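Q: Mind the numbering: the sequence shown is residues -22 to -1, 1 to 908 in mature numbering (1 follows the signal peptide of the UniProt record, and there is no 0), read in order.
Just so you know, the hints here were simulated from the structure itself, not pulled from any lab data.
Quick caveat, the model's predicted, so the values are computed rather than measured.
Quick reminder that beta carbons are idealized off the backbone N, C-alpha and C, glycines included.
You can trust all of the hints, since none of them are fake.
Distance windows between CB atoms, simulated:
#1 534 <-> 306: 40 to 46 Å
#2 103 <-> 320: 39 to 45 Å
#3 306 <-> 104: 39 to 45 Å
#4 346 <-> 257: 32 to 38 Å
#5 131 <-> 299: 44 to 50 Å
#6 138 <-> 256: 49 to 55 Å
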Amino acid sequence: MNRLPSRLLLALLLGASLQAQGAGDAASKFYDDAQQRLEKKDIEGALIQLRNSLQADPRMLSAHLLLARTLLKVGDLASAEAAFDEALKQGVSRSEVMVDLGQLYIALGEYKKLLERVNTNGVPVGSHAEILTLRGTAFATLGQKEAASKSFAEARALAPRSPLPLLAEATMLTRQGDLEKARAQISKALEFDPANSAAWYALGTVQQRLKDGSGALASFGKALQHQPLNVDARVARAGLYVTGNQLKEAEQDLVALEQASLADARASYLRGVLETRKGNAAKARDAYIQSTELLALQPAGVINSDESLNFAGAMAYKALGDNEKAREHLRNLLALNANHYAGQLMAASIALEQRDPVQAQQVVSNLLRLRPNDPQVLYLQGSIHLARKRYDLAAETFDKAASLQPTPDTIRELALSQLSLGQGDAGISNLEKVLAVNPGDTRAAIQLITAYASMGKGSRALQLAENLLKSDPQNPMLINYLGNIKGRLGDKGGARASFQQALAKSPGFKPALINLSWLDIEEKQFDVARQRIDGLLKKDAEDPQLLYQLGVLELRARRFNEAVEALEKASNLSRNDPRPGLSLMELYTSQRKMDQAIAVGKGLNGKYQGNLEVALTLGRAYAMHGDMSNARTLLQEATRIAGYDPEAQVIVGRQQLAIGNVDGAGYNLQKAQQNGAEALNVLVLSIEVANRKKDNARADATLKTLLAKYPNAMPALLTAGHLAYARGQFAEAAKRYQQVLDLEPTSGNALLLARAQTSGGDPQKGLATLEAWSQKSPQDLGLLRVLAEAQAELGKNDAAKRSFSTLITRDPQDVSAMATYALLLQRLGDAGALAMAERARKLAPESPETLDAQGWIHVKRGEIEAGLRLLRDARLRDPNQGVLRFHLAYALAKSGRKPDAKEELQAALSMPGRFRDSSDFKALKAELGL
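Assemble the whole structure, with the sequences as input and the hints as a guide.
A: The following block contains the structure:
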């Protein structure tokens, strides 16, 4: 074996030693420079030099330790943890870093890890008190109160004059609500260390919870006097300033944090609040987003154990409209402090917004135990009653809240409760008071406009809507709302102009586009509406609202296959809107496909359990199918769903009357009267029930009350007209309908007036009313249809033919008009009758109406067997139409099947209809001996 000469070996060893010494010298220089930089607060420079030091000498323990501690100090917690692990790996004693590790795990929210790894074993006695304090904090945060108290007591025994265990235990006591004991602990800590910034902050927190705002401000000020960069104290003081509307002072605190480059999620949230108060919505949103981004950087353990961070997160996410994220932070917050006042208020508010009054009530019940006379808590309780439609309790609760603190919000909600109870004058008066104090309260303005419109004060509703728009003339939402009000008051042209104006302000404003499409559908401009909806669907092909509108369009355009396709897709996509499915039921019902309608209804009733409209619609479908048992069962379910809501009980009661269940309607009336005896529609239902029971005295007395309380309300005047008409008092009915028409000049109300005039023995006057209104509303094809039929009945055959011809030209898909026109032509002996009937049947081959028209014309032409086939089909599709049964009876008699004819005519006799006045009917009745 070759050996190196001893002289050469010595030289190599000496060289290696000198090289190691050189590396050590370099590492030391970097380390010394890092220390100097730290003294000058050049943190970044210090970190660079410490890494240079370790690169020169990876085993330099002092550099490892200083790097770890520096990273911990600047809040780079993940890097700090890695650096401490490396320091321990290189040989740093655990006793040397035990306190550091405890602080690190507290900062990371790793409380279980702290308890597993941080203890006093082998640690000098001088550090025991601090370690025990850290362990006590971990126990307290994990909810182990006894272990925490024991650890704090041991720390105090070891260091009786140290403020650390006193402050840590005070934090636990504060969280538990033991505020006086916490304050005593903090006061003792301040005796030992009057300049302790953390102690002054802790005292301010306790004072804030004790509602000592001025004391808290002073304490936070002391904390900042001793440590200007105490972020907790700076944020807490800024929050108090914001609460007290001292916005300038709050701004100064937040600017101080920005200038010190101290990013904090709570401070960013407060910045958002300030920008909101200034009206800077974009800047506010940016601040809220920054708050949530800063939260996302925090370790999960820290967030889950910090009340203030969770509250700031909840508030920021709430401001951004993300209620789910807000609720997540509130759950954390209330797990830490079940009695956190603001957190509970917010949790209840969000639950109400998400239509979860049960969850909201659980929170508010706890608040009421703690603060039974707190106006904000009472406001929430009233809101819950309002959501549950317990209007009497809502009004009582809001009234109590308003007596304690008459805020505009409370008075507004009181007004809504009063309106729902039928206390119209009181409700309107309170809404007017709210708007007098705060003209910018959009919710109050909209509710007042709605109240005006429903009570027949159309001009006031329109004026207020226009004034609301003047407050923000560029707002497309308010322009669109004005259009809705105009449309509700019958001004379709004005509504269209408003919707177009909204689009001029915001070309892609979806609500206005949808409203324009609804107008087009109403006016049967189907191609225009379809083009607009298709354009919107290109952007979102699975928008259930748009698909629903398209389905309704195709339904009205009588493109039934397309309607079914759109409505089925909309219903499947929709999660909380049953309207597409209900429209699909309407389609099947119109085609007398009752099995399919009921099948859709059953599916909806399962999907939307507890939905009143679904139960009622399914009940109607059962009734039309002749299944009165199931119809009554569904109305019982609807009664249960309606609960304490008087308006809902009225709706159910009216449907009970429609199926002939007067006693059932009477029960609904009693339920409605429990919570709104003098509400407008409750009084109306009372009159309807009394009229059906032939209790004229009660009907008249209630009508007197109704007209006294609501002299100009549309429902009151309509009810007076309907009652008079039902009693054959046609002059009185015409008088009331004229009042209705004056208040709300629409073609529908003109039809009521014309009917009363005609029934009162002056058909020419009724016809003149229809003709005048048809000229005013040439686009109203429904009115034109009624006019055409009236002209035909009065023998104005040429005028009737012109009207029908115009109607069919404008709406070439109106098979019902075609069928009626075909029958008119047949009656006039016009050779075009059969062709018109065939045209109608081609468009709707399964419609009982088109089958009946063509079948009847064949029979009257002597083509009995051809007519019979069609009439039998029509009768089987809709056995509840008297005119169909009469036409079939007539055809059967002509074919020599008189027993069958007699059976059909007997059925027709039990059904209402104008066919009874025809000479053919009277002759057949005599022929069959009925």
